Structure formats: C-alpha cells, structure tokens
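Numbering of the sequence shown is given in the working numbering, commencing with residue 1 and proceeding in unit increments.
These are calculated hints, taken from the structure and not from any lab test. Treat the numbers as computed from the prediction; the structure is a model and nothing was measured. No residue lacks a Cβ here, since even glycine has one placed at the ideal position from N, Cα and C. Among the hints, a few may not be true.
Below, in silico cross-link-like pairs of lysine-lysine (DSS-like), each with a Cα-Cα straight-line distance of 30 Å or less [claimed, not checked]:
1) 110 / 44
2) 5 / 43
3) 44 / 31
4) 31 / 5
5) 110 / 43
6) 31 / 43
7) 110 / 5
8) 31 / 110
9) 44 / 5
Label pairs and their computed distance ranges (CB to CB) [what the hints assert, rightly or not]:
10) 89 / 54: 33 to 41 Å
11) 28 / 102: 16 to 24 Å
12) 55 / 92: 19 to 27 Å
13) 2 / 91: 33 to 41 Å
14) 37 / 88: 17 to 25 Å
15) 55 / 88: 19 to 27 Å
16) 18 / 89: 19 to 27 Å
17) 88 / 41: 35 to 43 Å
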Amino acid sequence: MEMQKYQLEFSMRSVPVPLLWSYISTASGLKEWFADRVSVSGKKYIFEWDGHQQTATLLGMRNEQSVRFRWDDTEGRSYFEMRISVNELTEHTTLTVVDFAEPDEADDAKGLWETQVDTLRRVLGC
C-alpha cells in the first residue's frame, strides 16, 4: 500500500522560536516530548519508547525553521518534518508537522502527533 502524505498545524501561541527550535532539533529537547530517550550520532537519531528503539536519519535542517528525518526502516520517499513559522501580524508561532502513513493508519498517526504535541505544549507552558 502506498504511503499517504499529511500535514498538521499546531498553534504554539507566542512561544519564542529559539525555544521551540531547541525542542524539535536537539536530543535533549526531543526527549522531553517526542520519545523516552533520544541519542544522536552524526546524522543518526536513535529514539526509544518503552524499551523499543527506532532509528532515523537527519535529511535536512534549516536553523530555527525546519528539521526533516526519514525512519531507517521505511522505503520510498516518505519522511517526517517539523517546521516553525510565525505570523507577523499576530506574532503567534505555528508548528507544522508533515508525515506519511498508510491510508488505513493515517488517523492513528495523526492522533499520535496530536498527543505528542500536546505534551510539548505542556512542557512549554502554552
């Protein structure tokens, strides 16, 4: 089955971009909300949940803008990306997540992102 691309946007209120960036781009930040443990070796990120490890390769990073990974156990062109944007009028920060899932798993995948970003919001106090 072919993977389906989806995009989610999350309001992060007025969280400063450098702070949000540190939570989506560093091992210490990611372990606060994305995984139980995170370690980095070069472009390899090792994520651990309940003793289960999964590795991803860093595909690209634009300082204080976006970070893109590919799970090492996936094939094709799928990736997951987190992007930061700020509305100049309202000064509200938005975290956009782009990911891929099989059509019958898309709702669960979106729900997982919503749960994880809710944790991130609590950590950041927004």
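Consistency of the hints with the structure:
| no. | hint | verdict |
| --- | --- | --- |
| 1 | 110 / 44 | holds (24 Å) |
| 2 | 5 / 43 | holds (23 Å) |
| 3 | 44 / 31 | holds (15 Å) |
| 4 | 31 / 5 | holds (25 Å) |
| 5 | 110 / 43 | holds (25 Å) |
| 6 | 31 / 43 | holds (17 Å) |
| 7 | 110 / 5 | holds (11 Å) |
| 8 | 31 / 110 | holds (20 Å) |
| 9 | 44 / 5 | holds (23 Å) |
| 10 | 89 / 54: 33 to 41 Å | holds (39 Å) |
| 11 | 28 / 102: 16 to 24 Å | violated (32 Å) |
| 12 | 55 / 92: 19 to 27 Å | violated (34 Å) |
| 13 | 2 / 91: 33 to 41 Å | holds (39 Å) |
| 14 | 37 / 88: 17 to 25 Å | violated (37 Å) |
| 15 | 55 / 88: 19 to 27 Å | violated (38 Å) |
| 16 | 18 / 89: 19 to 27 Å | holds (21 Å) |
| 17 | 88 / 41: 35 to 43 Å | holds (38 Å) |
Checked against the numbered hints above, the structure violates hints 11, 12, 14, 15; every other hint is satisfied.
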